[in-house]
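Enquirer: Residue numbering for the sequence shown follows full-length UniProt numbering, starting at 1 and increasing by one per position.
In case anyone wonders, no lab produced these hints; they're calculated from the structure.
Small disclaimer: the values here were computed from a predicted structure and weren't measured.
Keep in mind that the hints are not guaranteed to be accurate.
As the list claims (entries may be wrong) - Computed cross-link-like contacts, DSS-like style, restricted to lysine-lysine with a CA-CA straight-line distance of at most 27 Å:
1) 225 x 648
2) 463 x 519
3) 578 x 322
4) 816 x 797
5) 832 x 882
6) 648 x 379
7) 597 x 578
8) 379 x 628
9) 578 x 609
10) 322 x 443
11) 39 x 62
12) 267 x 130
13) 379 x 443
14) 510 x 490
15) 572 x 519
16) 797 x 882
17) 572 x 628
18) 267 x 510
19) 648 x 267
20) 519 x 832
21) 379 x 325
22) 706 x 798
23) 628 x 949
24) 39 x 130
As the list claims (entries may be wrong) - Computed spacing ranges between beta-carbons, pair by pair:
25) 222 x 286: 20 to 28 Å
26) 628 x 675: 23 to 31 Å
27) 871 x 286: 46 to 54 Å
28) 871 x 142: 49 to 57 Å
29) 493 x 613: 23 to 31 Å
30) 182 x 668: 16 to 24 Å
31) 775 x 286: 47 to 55 Å
Ideal placement from N, C-alpha and C gives every residue a C-beta, glycine not left out.
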Amino acid sequence: MLKSLPAKTQDNSSIELFINFKTDCVNSKSTIISTELTKYYRYLQDHQDNVQFFISNFMRSKTECYKVFFNVPTKRWILDYIESSDRMRKRIISEEYAVNDEKFSRKIEEFELIEDPGSFENTQEDKNRKILRSLFIGDRIRDLWNVSQILGLEAAEGILILGETHLYLIENYFHCPNGEVVDVEDAPPGSRDPYMQLIAGPSKSKETRVKNNRSHKSSTWETTKMISVSKRQFLLRDVALEIFFLNGSSFLITCRDTKERDLIYSKLSVCASSSGMDKDLAEVFRVANSSATISTNSNLALKLANAFTQNTLGTNLYVTRKWRKGQTSNFYYLMIVNTLAGRTFNDLTQYPIFPWVIADYTSEELDLNDPKTFRDLSKPMGAQNPQREAQFRERYEALIGMTDESAPPFHYGTHYSSAMIVTSFLIRLEPYVQSYLILQGGKFDHADRMFYSIPKAWNSASKDNNADVRELIPEFYYLDDFLTNSNNYKFGKLQNGESINNVELPPWAKGDPKIFIKKQREALESSYVSAHLNEWIDLVFGYKQRGQNAIDCTNVFHYLSYQGAIDLDKIKDENERKAMTGIIHNFGQTPLQVFTKPHPVKEVLYNVKLEIKKMLDIPVHVSESRSKRPIEHIELNHKDNCWKGRMKLFSTQDNLRIRGGQTVSSMSINGRVFEDIHLGSITSLAQIGNRMFLTGSNDGTINIWKYPLRGNLVGKEGYNDLNDGMKKYDIDLEFQGVLRGHLSSVVSIKVAPSYNLALSLDANGYAWLWDISRFKFIRKFSMNSKQQGSKFARNFKKIEQIAISNDSGMIAISGKSLLKLFTINGNFITEKKLRDNITSISFGNLNMIIQKPNGNTSISRDYLQNHEFWEDYQIVVTGGKKSIEAHELVVKDGSWSISKLRSFSFTQKDRGSNFPQSWITSIEMVLRSELNGDGERIGRGEIVAGDSKGRLAIWR
1 MLKSLPAKTQ
11 DNSSIELFIN
21 FKTDCVNSKS
31 TIISTELTKY
41 YRYLQDHQDN
51 VQFFISNFMR
61 SKTECYKVFF
71 NVPTKRWILD
81 YIESSDRMRK
91 RIISEEYAVN
101 DEKFSRKIEE
111 FELIEDPGSF
121 ENTQEDKNRK
131 ILRSLFIGDR
141 IRDLWNVSQI
151 LGLEAAEGIL
161 ILGETHLYLI
171 ENYFHCPNGE
181 VVDVEDAPPG
191 SRDPYMQLIA
201 GPSKSKETRV
211 KNNRSHKSST
221 WETTKMISVS
231 KRQFLLRDVA
241 LEIFFLNGSS
251 FLITCRDTKE
261 RDLIYSKLSV
271 CASSSGMDKD
281 LAEVFRVANS
291 SATISTNSNL
301 ALKLANAFTQ
311 NTLGTNLYVT
321 RKWRKGQTSN
331 FYYLMIVNTL
341 AGRTFNDLTQ
351 YPIFPWVIAD
361 YTSEELDLND
371 PKTFRDLSKP
381 MGAQNPQREA
391 QFRERYEALI
401 GMTDESAPPF
411 HYGTHYSSAM
421 IVTSFLIRLE
431 PYVQSYLILQ
441 GGKFDHADRM
451 FYSIPKAWNS
461 ASKDNNADVR
471 ELIPEFYYLD
481 DFLTNSNNYK
491 FGKLQNGESI
501 NNVELPPWAK
511 GDPKIFIKKQ
521 REALESSYVS
531 AHLNEWIDLV
541 FGYKQRGQNA
551 IDCTNVFHYL
561 SYQGAIDLDK
571 IKDENERKAM
581 TGIIHNFGQT
591 PLQVFTKPHP
601 VKEVLYNVKL
611 EIKKMLDIPV
621 HVSESRSKRP
631 IEHIELNHKD
641 NCWKGRMKLF
651 STQDNLRIRG
661 GQTVSSMSIN
671 GRVFEDIHLG
681 SITSLAQIGN
691 RMFLTGSNDG
701 TINIWKYPLR
711 GNLVGKEGYN
721 DLNDGMKKYD
731 IDLEFQGVLR
741 GHLSSVVSIK
751 VAPSYNLALS
761 LDANGYAWLW
771 DISRFKFIRK
781 FSMNSKQQGS
791 KFARNFKKIE
801 QIAISNDSGM
811 IAISGKSLLK
821 LFTINGNFIT
831 EKKLRDNITS
841 ISFGNLNMII
851 QKPNGNTSIS
861 RDYLQNHEFW
871 EDYQIVVTGG
881 KKSIEAHELV
891 VKDGSWSISK
901 LRSFSFTQKD
911 RGSNFPQSWI
921 TSIEMVLRSE
931 LNGDGERIGR
941 GEIVAGDSKG
951 RLAIWR
């Protein structure tokens, strides 16, 4: 028999068991509390993110609703960063729409939720989980790096995430070596990029910096829309990357060192596809990136040297050969050279540089045939005046005996390009005024020292001021908006008591900024400048930039402005490195030396002009559809190299047949029907490229759709013509967004893909301009709106026809017989009353949309990009009941006017008749250059028009 344990032993065992049980309960309780607390804090985090997301969306919708339906005036206008095919930034957008954009994050109004004190401070917030919540559904992180995005003069530290489908840039996070993601302020000491701290400076209070550093703004881009990744410099260090996208946007990031930059480049470059990129620009990026490192200046220069020797003269760079033959404008070629030299719109300290070309700012009329009209392009601005040049040479000689080898002598103590120069020129526009205020300590400079007069700016830079040798920026040759104070800033008064407002223009501009820009561009493309532009390139980008050639040309600047003059990473003293960084960041940076040999001279010095008188009065070809239904849309089929007239709701671009379905709200794509894509009836259709299209409805909405392709492409040369039968693809129709604003049926949609713009017309006679990259409303047009100089608006109530130029972004509207023209930013230009009622409008376009095969699996929509400069400023063609007319926008007697060039008729019999039962319903005009029998380049026009009887006619 078992003996019973003593009572004391039993009590001890029970106590021990109880203690163990109690300990286990305490541990379990702690684990449960910790787990539930983690869940709770994650819930709070998710709830805060969701509420903040909905608040942001609500405020965005509220702002848009007020602007669209209540005509709330725009408080501020911002120069958009979207570039056109010529690398021009023309678009001015509302600040209310820009505040939610990744490029204008410094101006974003934040809506913060105030939690109980310590609710988040005393817990371990799951940063990694918050990062994952920023990803698109189904996306996965492939790589993650610490970078800084350059935003004007500021830099935003954050993390760059490469996903399977998207690229993400999230501000104010830091990825630690142990894998943990923390706020930038909590990063381990010494791990952050020290140069970002140096350029931040004391301009912001600690409270503001902490608030900004706690804001985690996220920007995303589709990797399929990445078209180029280019190595760049920042602070003369080879540590930056510039990434370009299909919609014309780009951003600049900088890394801690070159090794990290090269690693990111190797990962991103394989994702970039140049299929939608301008071919000349793609070549330039390939040349710039092919070197092992762009920081070794001699590598880049030697790489290009062979392209410009006396024997080969540009045989290695195709764009240079095109420029020499007159096939590329001086403007675009300068943009190409700036790009090669590392200049970028994304960094104000390395902004693109353009020359002063006009020296006459006093005459009433500008004579571009007189050499005295122009500055001497063989000399820098400091040598334009002999007396001032002598003073700079004396300075150089005096400094020779006073300096050592580490600080060589120089002619100029200032630079021709700096952040201050750029922001001073663009001070009337956001976001540049904010950068200017950063440089000026938050206040505008004295009025007399600001940029307020073109003639005074020229006199200061060319002769009057020894501290001013500035050149110009690209905006002087395409953007009139920077000359007007549309944001109504108070710049103060001059010493004479006059208030500064719009920029004072030379007499030959007749007080019109648009005329000034037109004359500037004509001067840049003139025969004189074309013959001497290579000399200016030698000074700024070429062999006269450095060495004895620079000394001989009075072209030596402070040594810290040149790449390779100093290695900041080797400076151990913190104060010295800070001082050197400040000089480089603020003084100005000389571009990379691109050419070590004299740049070749341009051979063709004249510009192309349209020879419209050589076109026949009657069409060379007329075809008629079997249905005899009106032609609403004209397309160019590149397989057969012929024009096709399409009926309403029928489009065949991107190798897809899109047409209205059997029901009013359905759409058929390659035979596959998609039902109920609108609540109402589909009334209009327009394709915008990248397999995207717009559909308008009778309920006033415009939907944006995308149809990614699946399967293999079958057909001769990659194309399947409609007459041969289109191959059916497996298509997933994806809804992208909706544009709201019209209060009646959408009757027409026109697009300008080069500018990411769409122009729509409704049945009430109002036209709306849309941003199709952000899916936002921009501005509204009407016939009876008040415009300065308008004479006929009261008699014409409704807009009946619309057009938008893919070359310039110019907008045309018409009602009955009145034609009105506007700039891309809605500024009224001029109007004209024609003899015939206008039933169709179009612009003469150099850049046409084409279809090109891309391998064996897809077809990409591309542009026949043309960078020529034509003397014809803008051609407009109109169709009516009686005839087709071609017009040119000209400056006559100091003002804009629409000048008729000539008219065309369908047949000899129709000439002069009234076409009682037929009128033009669709019209297009293509401009092309070709060589004549004498080897001279001339301009040819081709007009294609469709009428209400289903006839398609071509004039050449």
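Enquirer: Take the hints in turn and mark each one as holding or not.
Expert: Each hint, compared with the structure:
1. 225 x 648: Violated - the C-alpha atoms of residue 648 and residue 225 are around 30 Å apart, more than 27 Å.
2. 463 x 519: Roughly 23 Å separates the two Cα atoms, so the pair holds.
3. 578 x 322: violated (45 Å)
4. 816 x 797: Holds, at roughly 9 Å.
5. 832 x 882: Given that 27 Å is the threshold and the Cα spacing comes to 17 Å, the pair holds.
6. 648 x 379: violated (59 Å)
7. 597 x 578: violated (36 Å)
8. 379 x 628: violated (65 Å)
9. 578 x 609: violated (54 Å)
10. 322 x 443: Measuring from Cα to Cα gives roughly 46 Å; hence the hint is violated.
11. 39 x 62: violated (34 Å)
12. 267 x 130: holds (24 Å)
13. 379 x 443: violated (35 Å)
14. 510 x 490: holds (25 Å)
15. 572 x 519: With Cα atoms ~52 Å apart, residue 572 and residue 519 exceed 27 Å; violated.
16. 797 x 882: Cα-Cα ~23 Å, so holds.
17. 572 x 628: Roughly 81 Å between the alpha carbons, so the hint for residue 572 and residue 628 is violated.
18. 267 x 510: Measuring from Cα to Cα gives roughly 53 Å; hence the hint is violated.
19. 648 x 267: This hinted pair is violated, its Cα atoms lying about 45 Å apart.
20. 519 x 832: holds (23 Å)
21. 379 x 325: holds (25 Å)
22. 706 x 798: Roughly 32 Å separates the two Cα atoms, so the pair is violated.
23. 628 x 949: holds (5 Å)
24. 39 x 130: Holds, at about 14 Å.
25. 222 x 286: 20 to 28 Å: Since residue 222 and residue 286 have Cβ atoms about 23 Å apart, the given range 20 to 28 Å holds.
26. 628 x 675: 23 to 31 Å: holds (30 Å)
27. 871 x 286: 46 to 54 Å: Once the Cβ atoms are compared, 33 Å apart, the range 46 to 54 Å for residue 286 and residue 871 is violated.
28. 871 x 142: 49 to 57 Å: This hint holds: roughly 51 Å between Cβ atoms.
29. 493 x 613: 23 to 31 Å: violated (54 Å)
30. 182 x 668: 16 to 24 Å: violated (53 Å)
31. 775 x 286: 47 to 55 Å: violated (33 Å)
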